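Colleague: Okay, here's what each chain looks like letter by letter:
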Amino acid sequence: MSETRRRTNRGPLENPEAQRNGVAGHSGDTGDEDEDAPRAAGSSGMTEEDDDDPAERRQLRHQYRELINSVQQNREDILSPTNNKLTEVLEEANRLFVNVRQTREAALDAQFLVLATDLGKEKANQLHADGSAFDPSAYAEHLLSFMGLNRLEEAEDSDEEGASSGYLPQDAWRKLAKRAENCFRTTPSFHFMLGSFLAEPPPPRQRVERQRRAPVKEAKRIMPTQLKKMEESHQEATEKEVERILGYLQSYHTDDPTSPISYYEFVTDPTSFSRTVENIFHVSFLIRDGMAKIYQDRDKLPCIGTKDMSSPVPEGEAEGSSSRQQCVISISPRSWKEIIEVFGIKEPMISAPNSATFAGSQ
Amino acid sequence: MSQKRRLAGTQSSQSRVFMPNEVVMEEDEDVSFTQPSSSQLQRGLDRLTPAQVDRKVAEVVQFILIKDQKKVPIKRADIVKNVIKEYKNIYPEIIKRANMKFEKVFGFQLVEVDPKNHAYILVNKLEQNPRQPAVMSPGHPKTGLLFVILSVIFMKGGVVKEPVVWNTLKKLRVDQGEKHEEFGDVKKLVTEEFVRQRYLEYTRIPHTEPLEHEFRWGVRAEKEVDKMKMLEFVSQVHDQEPQTWTKQYKEAMAAKGGSSRS
Numbered sequence: 001m002s003e004t005r006r007r008t009n010r011g012p013l014e015n016p017e018a019q020r021n022g023v024a025g026h027s028g029d030t031g032d033e034d035e036d037a038p039r040a041a042g043s044s045g046m047t048e049e050d051d052d053d054p055a056e057r058r059q060l061r062h063q064y065r066e067l068i069n070s071v072q073q074n075r076e077d078i079l080s081p082t083n084n085k086l087t088e089v090l091e092e093a094n095r096l097f098v099n100v101r102q103t104r105e106a107a108l109d110a111q112f113l114v115l116a117t118d119l120g121k122e123k124a125n126q127l128h129a130d131g132s133a134f135d136p137s138a139y140a141e142h143l144l145s146f147m148g149l150n151r152l153e154e155a156e157d158s159d160e161e162g163a164s165s166g167y168l169p170q171d172a173w174r175k176l177a178k179r180a181e182n183c184f185r186t187t188p189s190f191h192f193m194l195g196s197f198l199a200e201p202p203p204p205r206q207r208v209e210r211q212r213r214a215p216v217k218e219a220k221r222i223m224p225t226q227l228k229k230m231e232e233s234h235q236e237a238t239e240k241e242v243e244r245i246l247g248y249l250q251s252y253h254t255d256d257p258t259s260p261i262s263y264y265e266f267v268t269d270p271t272s273f274s275r276t277v278e279n280i281f282h283v284s285f286l287i288r289d290g291m292a293k294i295y296q297d298r299d300k301l302p303c304i305g306t307k308d309m310s311s312p313v314p315e316g317e318a319e320g321s322s323s324r325q326q327c328v329i330s331i332s333p334r335s336w337k338e339i340i341e342v343f344g345i346k347e348p349m350i351s352a353p354n355s356a357t358f359a360g361s362q
Numbered sequence: 001m002s003q004k005r006r007l008a009g010t011q012s013s014q015s016r017v018f019m020p021n022e023v024v025m026e027e028d029e030d031v032s033f034t035q036p037s038s039s040q041l042q043r044g045l046d047r048l049t050p051a052q053v054d055r056k057v058a059e060v061v062q063f064i065l066i067k068d069q070k071k072v073p074i075k076r077a078d079i080v081k082n083v084i085k086e087y088k089n090i091y092p093e094i095i096k097r098a099n100m101k102f103e104k105v106f107g108f109q110l111v112e113v114d115p116k117n118h119a120y121i122l123v124n125k126l127e128q129n130p131r132q133p134a135v136m137s138p139g140h141p142k143t144g145l146l147f148v149i150l151s152v153i154f155m156k157g158g159v160v161k162e163p164v165v166w167n168t169l170k171k172l173r174v175d176q177g178e179k180h181e182e183f184g185d186v187k188k189l190v191t192e193e194f195v196r197q198r199y200l201e202y203t204r205i206p207h208t209e210p211l212e213h214e215f216r217w218g219v220r221a222e223k224e225v226d227k228m229k230m231l232e233f234v235s236q237v238h239d240q241e242p243q244t245w246t247k248q249y250k251e252a253m254a255a256k257g258g259s260s261r262s
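Taken in sequence, the protein lines are chains A and B.
Just so we're aligned: 76 in the numbering used here is position 76 of the first sequence, and the numbers increase by one with no gaps anywhere.
Just so we're aligned: 174 in the numbering used here is position 174 of the second sequence, and the numbers increase by one with no gaps anywhere.
Careful: at least some of the hints might be erroneous.
Said to hold, decoys possible - Restricting the straight-line Cα-Cα distance to at most 25 Å, the calculated cross-link-like pairs of lysine-lysine (DSS-like) are:
id : chain 1 : residue 1 : chain 2 : residue 2
1  : B       : Lys70     : A       : Lys175
2  : B       : Lys71     : A       : Lys175
3  : B       : Lys75     : B       : Lys223
4  : B       : Lys229    : B       : Lys161
5  : B       : Lys101    : B       : Lys75
6  : B       : Lys171    : B       : Lys70
7  : A       : Lys123    : B       : Lys161
8  : A       : Lys178    : B       : Lys256
9  : A       : Lys85     : B       : Lys171
10 : A       : Lys175    : A       : Lys240
11 : B       : Lys101    : A       : Lys178
Hints are computed from structural coordinates only; laboratory data are not their basis.
Since the structure is predicted, the reported quantities are computational estimates derived from the model, not experimental observations.
Based on the provided sequences and hints, a complete structural model is requested.
Modeller: What follows is the structure, encoded as structure tokens:
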């Protein structure tokens, strides 16, 4: 019965604590049975049931971990030659071990033992130093004095506990270095008189990126200005053309104020269909801006006239001013030819832009 | 027969002698650098003019001097790759002559510190005159820090656990967790830079939970640091005679004897 229980209880042994420390796991395994028997003498009197109280075992493990932790924390103190704390913690562990029943707790005990042994070894090492023992803390104090620590003056941030207070001058480390240098047979490294370059070439990757980025930026900068110019010139051209046509309209009107000017005759250019379309387009601006008006004559044909003149057709004007009407004019090459034939147009009333000066003198 | 003629042809055109077994060697060299035999070496030297060899030696000397600025061991592979190049068949001769130059001209010694990976460091052979330092530059504070760590390790018998070093430095107002105004990231400087320069060895202690590390002297420290002078300085700040540290004094004496013999 007891044997099988032990078998099943080997499971917990494979827990991390035991695994991490091979030595602890091993000694815990055997120490449980024979080696540490005298220490665990009390166990023989216990009944089997008492062996396995989970709460008690947890408590025991907790105490062991606390102990191990405190030893690790106070390592330096324990190592100090005048300190007897190592004996104390060993006694504490002995007291705990009386209650150990299972391998898992024994493993913790072994882990502690490893730690204690390690500390013992270091204490022994200190003894070996025949002659003066070296104490790093005292050494540090001496070094501070050498580095020019002013113990009378308070440092600005002397809130550290334990560290000796005082003001450490700026060049403290430099001073120490200067003195320490003659212990080193370091080769003086040479430097170039006009500065140095890095021994290793810098990675060329950056340069490639920079080159790639620059043209993109420039192209972006050019594009908008080009577009802007085009738009401007186009608008200007349209405006000029509209004004030029208005000039034609006004000059025809002053030439003969009484006769209405036929819209079709005015816009149609018998020599060019595209010029006709352009004229229609430009005239539409005049209408929109109220510089000209379109009305129907007696034959229901559209006529064009300037706005500011006294209109010979009052009813059309009344209509136009009360409600602005829009319409879409469509023209095709066929209807353009028809218009030329029907109206008998021989010459354009609006001459092409490049002959504007000639037309203006008309 | 035809092979013989072909070999003869290469000999005349490139002035290179190929022996059948050497062809195999050449293939090996591409994978890993193999030490040429003395006969190969001699043949290699015969093929070059003394001026060519001298020039190569000068290049190697310059390369090592520049590389030495960082105090990181210089790898043989780097020397071969960047300077020696096609002269690698006479590599040992070039290094031998470069070392001679270092000793005769500069008072340095080229020391191979890593026989496995073949890395070199430069060590100053000249005795430092404390009243007339060879280096006019003001002491570099890092040297002071390094000295403290090395001296603690030396006085503690050659190896110390990491906390000993940090506790000592903390008393000197250098905290591993804080940025120091002169050393910056102290932890990095000590556990990385000094280790890379081979002044320190920083190793994990086996079977420790949580992880613990210990410091030892690195190869460069062993070659560069004068233990007796170090002990003298430590004794000076303690206001003691160096002889009172019996063990350390013995070690320093032994090191002194060893270096003067070499």
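Colleague: Run every hint past the structure and note whether it holds.
Modeller: Verification of the hints:
1. For the hint linking B/Lys70 to A/Lys175, the alpha-carbon distance of about 22 Å falls within 25 Å, and the restraint holds.
2. The hinted pair formed by B/Lys71 and A/Lys175 meets the criterion: a straight-line CA distance of about 22 Å does not exceed 25 Å.
3. At roughly 17 Å between alpha-carbon atoms, B/Lys75 and B/Lys223 fall within 25 Å of each other, so this suggested pair holds.
4. Restraint check: the Cα-Cα separation between B/Lys229 and B/Lys161 comes to about 24 Å, which is no more than 25 Å; the hinted pair holds.
5. A C-alpha spacing of about 19 Å is found between B/Lys101 and B/Lys75, which places the hinted pair at or below 25 Å, so the restraint holds.
6. The hinted pair formed by B/Lys171 and B/Lys70 fails the criterion: a straight-line CA distance of about 29 Å is larger than 25 Å.
7. For the hint pairing A/Lys123 with B/Lys161, the CA-to-CA distance comes to about 14 Å; that is within 25 Å, so the pair holds.
8. Simply put, A/Lys178 and B/Lys256 have alpha-carbon atoms about 22 Å apart, close enough for the 25 Å limit, and the pair holds.
9. Only pairs whose Cα atoms come within 25 Å are accepted, and A/Lys85 paired with B/Lys171 is accepted, the gap being roughly 24 Å.
10. For the proposed pair A/Lys175 and A/Lys240, the alpha carbon gap of about 86 Å is over 25 Å, so the pair is violated.
11. In summary, the hint linking B/Lys101 to A/Lys178 is not supported, as the alpha carbons are separated by about 29 Å, beyond the 25 Å threshold.
Hints 6, 10 and 11, counting from the list given before, are not met by this structure.
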